[in-house]
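Protein chains: 2
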Amino acid sequence: MQKKVCFIGAGNLATHLARELHKVSFDVIQVFSRSKESAQTLANRIGANYTTSVEHITKEADLYFIALKDSIIHEVLEKIDFRNKLIVHCSGSLSLSVIESYSENIGVFYPLQTFSKKREVRYKEIPVFIEANNVDNERFLVQVADTISDKVSVLDSDRRKKLHVSAVLGCNFVNHFYTLAADYLKAHDISFEHMHPLIQETASKAQEMHPFEAQTGPAVRFDRNIIEDHLNQLKDFPELKELYNSISRSIFERHQKS
Amino acid sequence: MQKKVCFIGAGNLATHLARELHKVSFDVIQVFSRSKESAQTLANRIGANYTTSVEHITKEADLYFIALKDSIIHEVLEKIDFRNKLIVHCSGSLSLSVIESYSENIGVFYPLQTFSKKREVRYKEIPVFIEANNVDNERFLVQVADTISDKVSVLDSDRRKKLHVSAVLGCNFVNHFYTLAADYLKAHDISFEHMHPLIQETASKAQEMHPFEAQTGPAVRFDRNIIEDHLNQLKDFPELKELYNSISRSIFERHQKS
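Taken in sequence, the protein lines are chains A and B. Counting from 1 along the first sequence, just add 1 to a position and that's the residue number in our numbering. Counting from 1 along the second sequence, just add 1 to a position and that's the residue number in our numbering.
Honestly, the hints are just simulated from the structure, not real lab data. Note that the structure is predicted; figures quoted are calculated from it, not measured. Careful, some of the hints might be misleading.
One copy or two, either will do: identical chains are not told apart, so a pair holds if it fits within one copy or between any two.
[Stated by the list, open to error] Cut-off 30 Å, straight-line C-alpha distance, at most; resulting in silico cross-link-like pairs (BS3-like, lysine-lysine):
(1) K258 x K152
(2) K163 x K86
(3) K163 x K187
(4) K187 x K258
(5) K236 x K187
(6) K236 x K86
(7) K258 x K118
(8) K37 x K258
(9) K5 x K118
(10) K258 x K86
(11) K242 x K119
(12) K163 x K37
(13) K187 x K125
(14) K60 x K236
(15) K236 x K118
(16) K80 x K242
(17) K86 x K187
(18) K5 x K236
(19) K258 x K125
(20) K4 x K70
(21) K236 x K24
(22) K258 x K242
(23) K60 x K163
(24) K70 x K258
(25) K236 x K37
(26) K86 x K242
(27) K4 x K187
(28) K80 x K4
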């Protein structure tokens, strides 16, 4: 599929996706980012041109990936004439219709993963969710996605948003608790590395049994002595103490209900 | 090391630890639990006797593992005459001194992991934290721990409690967010399996870079539009909505500070 692709945005998601499409021999002809460093780094890596000026975005691509921070999408897109080429955004949280005024051919290409520029990911295993404004565009985007992922689905905007909310819970919030644990251990001069096998096993369990079944710890048993002691251990960390309290209550209530 | 071992308690932790000690050829002679099913299942598995009555706990063991719910430890132990044999508890949250009235030889043997009876774990990778009331007992317990784990440390009660608090954050709370995500997806008829690669990558990242560096998502960028939209997506889940709000604030504040 020798399609010409342009990336508008060069952040974490764009970097991984552009490199992956390049690998399976899409012709990524240009990368746009307002950050010269980001645009150049990605473009060099995949042999593309780059620009930092909206006016110089190519008219020659068959497919434009819009991988911008949701809040600046309009500000950038309203300056571009896409000549009704296929444009897709990569956001879990935006409806397809958000880009409908910019082209007659629109879609969504949403890979459900957390991307950091420094880390490699196995793209084949990443679920990719497709949506488009007509059957032809949908079929085409599914084909594109199939070249890089084994887990391609079509999903409408409403349900994609639900998935995005749950990704925040299962990834961003989870990672924040790792950070809070690391902070807390550091304050007591204990290595966060001790936590690695526990972190791994917690994630592995949730993929092999329902996480509800996997729940352990003082809150699910409502072991009041331990909970009180832990709150006491957190007395110098008032914000964390408050979170500890509300999440313990949430755990207990969830397990009482069933 | 042909030492005779008795397990007081047959829950998740006891089950895994007893089986592991049995594997490296400790002689587990008896399992006590007030639940006949638990005692019998574990005892049968490792060729031990079992009892459900405190009075019949053996006097013949060299080492007693106390793996009971913290809240019932005293109620059980006060009925047993250990004849000053070495007794160790396996709790992250209890001080060593909690068992000092029951023997002159006491210790703590705390494996930092989440155990479910159904799942195998690689014990060699599990950090085990040892504490004892004298150097001989400490040395002996380190030797015992070394037979099953490659990650044995000596750690005092105060710092073990800190570790236990952080295990609650990095395991129990994390798993609860998996449960909340699964509940939320189920309510919208979306498979939780879509989340598996994201869950795995989130855990992998936190073991290879500092979780602070790994943080992604709307809260760290303070993307107010997405956060507002997500709160709206959660309007039928008021408790989850409240947690979403307070954790997003916590993420944002933590990343502002640095």
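Hint check results:
| no. | hint | verdict |
| --- | --- | --- |
| 1 | K258 x K152 | neither (34 Å within a copy, 39 Å between copies) |
| 2 | K163 x K86 | within (29 Å within a copy, 57 Å between copies) |
| 3 | K163 x K187 | between (35 Å within a copy, 10 Å between copies) |
| 4 | K187 x K258 | between (36 Å within a copy, 16 Å between copies) |
| 5 | K236 x K187 | within (16 Å within a copy, 37 Å between copies) |
| 6 | K236 x K86 | neither (58 Å within a copy, 37 Å between copies) |
| 7 | K258 x K118 | between (42 Å within a copy, 23 Å between copies) |
| 8 | K37 x K258 | between (53 Å within a copy, 27 Å between copies) |
| 9 | K5 x K118 | within (23 Å within a copy, 53 Å between copies) |
| 10 | K258 x K86 | neither (51 Å within a copy, 43 Å between copies) |
| 11 | K242 x K119 | neither (33 Å within a copy, 32 Å between copies) |
| 12 | K163 x K37 | neither (34 Å within a copy, 45 Å between copies) |
| 13 | K187 x K125 | between (36 Å within a copy, 25 Å between copies) |
| 14 | K60 x K236 | neither (59 Å within a copy, 42 Å between copies) |
| 15 | K236 x K118 | neither (37 Å within a copy, 34 Å between copies) |
| 16 | K80 x K242 | neither (48 Å within a copy, 37 Å between copies) |
| 17 | K86 x K187 | neither (52 Å within a copy, 36 Å between copies) |
| 18 | K5 x K236 | neither (58 Å within a copy, 42 Å between copies) |
| 19 | K258 x K125 | neither (38 Å within a copy, 37 Å between copies) |
| 20 | K4 x K70 | within (25 Å within a copy, 62 Å between copies) |
| 21 | K236 x K24 | neither (52 Å within a copy, 42 Å between copies) |
| 22 | K258 x K242 | both (25 Å within a copy, 18 Å between copies) |
| 23 | K60 x K163 | neither (34 Å within a copy, 58 Å between copies) |
| 24 | K70 x K258 | between (39 Å within a copy, 22 Å between copies) |
| 25 | K236 x K37 | neither (46 Å within a copy, 40 Å between copies) |
| 26 | K86 x K242 | neither (52 Å within a copy, 39 Å between copies) |
| 27 | K4 x K187 | neither (50 Å within a copy, 38 Å between copies) |
| 28 | K80 x K4 | within (24 Å within a copy, 78 Å between copies) |
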